[in-house]
Amino acid sequence: MKARAFRYERAHALADVFRLQSEADGGAQFLAGGQSLLASLAFRLSEPSLLIDISRLAELKGISVLPTSDVRVGALTTHRELGAHPDVCRHVPLLTEAVPLIAHAAIRNLGTIGGSLAYADAAAELPACCVALEARIIAVGPGGERAIPATSFFTGLFTTALAENELIRAVEFPCAAPGDRSTIIELTRRSGDYAMAGLVMRATGGRQASRLVYFGVGATPVVASEAANALGPTPWSAEKIAAAQTALDRDLDPPADQHGGPDMKRHLARVLLARAIKKLEAQPEAHAA
Amino acid sequence: MNTEVGISLTINGERISRRVEARRHLIDFLRLDLGLMGSHTGCEHGVCGACTVRVNGLIVRGCLVLAVSLDGATVETIEGMSDTGEIRDLQDAFVARNACQCGYCTPGMLVTAAELLSDAAKTRAVPSRAAIREHLSGNYCRCTGYHAIVDAVETVARARADGAGTGTGQP
Chain V
1 MKARAFRYER AHALADVFRL QSEADGGAQF LAGGQSLLAS LAFRLSEPSL
51 LIDISRLAEL KGISVLPTSD VRVGALTTHR ELGAHPDVCR HVPLLTEAVP
101 LIAHAAIRNL GTIGGSLAYA DAAAELPACC VALEARIIAV GPGGERAIPA
151 TSFFTGLFTT ALAENELIRA VEFPCAAPGD RSTIIELTRR SGDYAMAGLV
201 MRATGGRQAS RLVYFGVGAT PVVASEAANA LGPTPWSAEK IAAAQTALDR
251 DLDPPADQHG GPDMKRHLAR VLLARAIKKL EAQPEAHAA
Chain S
1001 MNTEVGISLT INGERISRRV EARRHLIDFL RLDLGLMGSH TGCEHGVCGA
1051 CTVRVNGLIV RGCLVLAVSL DGATVETIEG MSDTGEIRDL QDAFVARNAC
1101 QCGYCTPGML VTAAELLSDA AKTRAVPSRA AIREHLSGNY CRCTGYHAIV
1151 DAVETVARAR ADGAGTGTGQ P
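Just so you know, the protein sequences line up as chains V and S, in that order.
Position 61, counted from 1, in the first sequence is what our numbering calls 61; the numbers after and before it change by one each time, with no gaps.
Position 20, counted from 1, in the second sequence is what our numbering calls 1020; the numbers after and before it change by one each time, with no gaps.
Calculated from the structure, these hints are not laboratory results.
A portion of the hints provided could be inaccurate.
Said to hold, decoys possible - Listed next, the in silico EDC-like pairs over lysine to aspartate or glutamate satisfying Cα-Cα at most 16 Å (straight line):
# : chain 1 : residue 1 : chain 2 : residue 2
1 : V       : 61        : V       : 81
2 : V       : 240       : V       : 180
3 : V       : 2         : S       : 1134
4 : V       : 279       : V       : 193
5 : V       : 2         : S       : 1028
6 : V       : 2         : V       : 47
Stated by the list, open to error - Label-pair restraints from in silico Cβ distances:
#  : chain 1 : residue 1 : chain 2 : residue 2 : range
7  : S       : 1015      : V       : 4         : 30 to 40 Å
8  : V       : 143       : S       : 1143      : 50 to 60 Å
9  : V       : 134       : S       : 1013      : 25 to 35 Å
10 : V       : 271       : S       : 1101      : 51 to 61 Å
11 : S       : 1084      : V       : 134       : 19 to 29 Å
12 : S       : 1131      : V       : 229       : 58 to 68 Å
13 : V       : 145       : S       : 1074      : 51 to 61 Å
14 : S       : 1131      : V       : 239       : 46 to 56 Å
15 : V       : 49        : S       : 1130      : 24 to 34 Å
16 : S       : 1074      : V       : 2         : 23 to 33 Å
17 : V       : 161       : S       : 1084      : 42 to 52 Å
18 : S       : 1131      : V       : 271       : 45 to 55 Å
19 : S       : 1131      : V       : 249       : 36 to 46 Å
Idealized CB from N, CA, C, for every residue including glycine.
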């Protein structure tokens, strides 16, 4: 359970990062909060020759509301900071609701949003939230910045659209509109563990069209569009909910994992849908300001 | 390959400078390099919570932090928190409630519970038993003595909210 030996360099500016990385010739990894990376180093699933500590880069910090009425969250924002920030709570309440589900307090104190997205665990909460909210991931590399839609960011198991010499600088979330509702729900063996299955549900606009994004049931967050179509606008009758649960079989193709087989995952997905609808219906008004 | 890096940090109020191997995590640094054996090594991959310590005022898993990354940081371990008397009442309650069986998880439990209690004290709120269980959910007790641990934390939360004082006896 000891990591293989590696070198360590602390970056003080983005320019340092790209210089160090090109010198390492493919052997470098970035250290942000380290809450997933250190476990993978301990198991020797990851064996970098150089760790570049980006955790002190001021350019990757801070939360602000942009004139475009997006909330921009710096990549190094910890889960604790994200969960406690008033602008996040006001404009992107789904994130405030999601944070307590992420791991445990001691891990939320160090783990970062950029780290979670770049690591891209299929059972993690924030990737699914970003897909559900149609966030933009702002990547930065030696050539400058580019925005990647969250919906095309997660390309496979632990794999993202980031190039090898790019890192996440920030994430931009559209502010919730009046009338928007959202919730997140998951099933875990122990509170705080990775989900056996989870669901982010949004209902937007006057007709409350729903968007369903599952996690822990595939290689990436999975958009369940067939089920969302079957559910249709509000009111959600028992028949429509049942139709949506049936339609999930067309949306999901869950692989077996340590928690159980595809049939169990499909069952959990149906249970989650019913519970998420109940939770959404209990929200009287949009929680957006 | 030179993998050693010099760091200076404050541990339990004492300024320390050392050269450490880059791969050394905080718990090995505390236990093996500094002889502070109060923080326990459990799973070494962030699951069990036995190695919980405070860095810059917040609890962390010591096995998920590299010592080299802590240049300039402030670290507090169970030794430091015991010496200052900050959690005297919590330690007494663990004894009174028999919340410490084999003792392996105890330092991590105390450090974790201390954060919940100090957060709750800011609003003079008493956390519910469910909130206590939730906050401690990242700390395994393999004796399964959870009920007594929750009892002990709840007792202290109530006592502090009633104005019986903090662990130091100071308001």
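* To do: Check the following: the C-beta atoms of residue 1131/S and residue 271/V are separated by a distance inside 45 to 55 Å.
  => For residue 271/V against residue 1131/S, whose Cβ atoms are near 25 Å apart, the range 45 to 55 Å is violated.
Exercise for review: May I ask you to test the hint 25 to 35 Å on the CB atoms belonging to residue 134/V and residue 1013/S?
Suggested key: 49 Å, violated
Range hint 36 to 46 Å: satisfied by the CB atoms of residue 1131/S and residue 249/V?
With Cβ atoms ~38 Å apart, the hint holds.
Given the range 24 to 34 Å, decide if the beta-carbon distance of residue 49/V to residue 1130/S lies inside it. Roughly 46 Å apart at Cβ, these two residues miss the hinted range, so it is violated.
Proposed proximity, residue 180/V with residue 240/V (alpha carbon, max 16 Å): 20 Å, violated
- Task: Hint says 23 to 33 Å; check whether the CB-CB distance for residue 1074/S and residue 2/V agrees.
- Result: With Cβ atoms ~26 Å apart, the hint holds.
**Item:** Consistency of beta-carbon spacing, residue 1143/S to residue 143/V, with hint 50 to 60 Å
**Value:** Hint holds: Cβ distance 56 Å, inside 50 to 60 Å.
Range hint 46 to 56 Å (beta carbons of residue 1131/S and residue 239/V) holds or violated: Distance hint for residue 1131/S, residue 239/V is violated at roughly 39 Å.
Can you tell me whether the CB distance of residue 1131/S to residue 229/V sits inside 58 to 68 Å?
39 Å, violated
Exercise. Go ahead and decide if the range 19 to 29 Å is satisfied by the Cβ distance of residue 1084/S to residue 134/V.
Key: Hint violated: Cβ distance 49 Å, outside 19 to 29 Å.
Outcome of range test on Cβ distance (residue 271/V, residue 1101/S; 51 to 61 Å): 36 Å, violated
request  = Quickly compare the C-alpha distance for residue 279/V and residue 193/V to 16 Å and report which way the hint goes.
outcome  = It is violated: about 22 Å lies between the C-alpha atoms, which goes past 16 Å.
In summary, the numbered hints that this structure violates are 2, 3, 4, 9, 10, 11, 12, 13, 14, 15 and 18.
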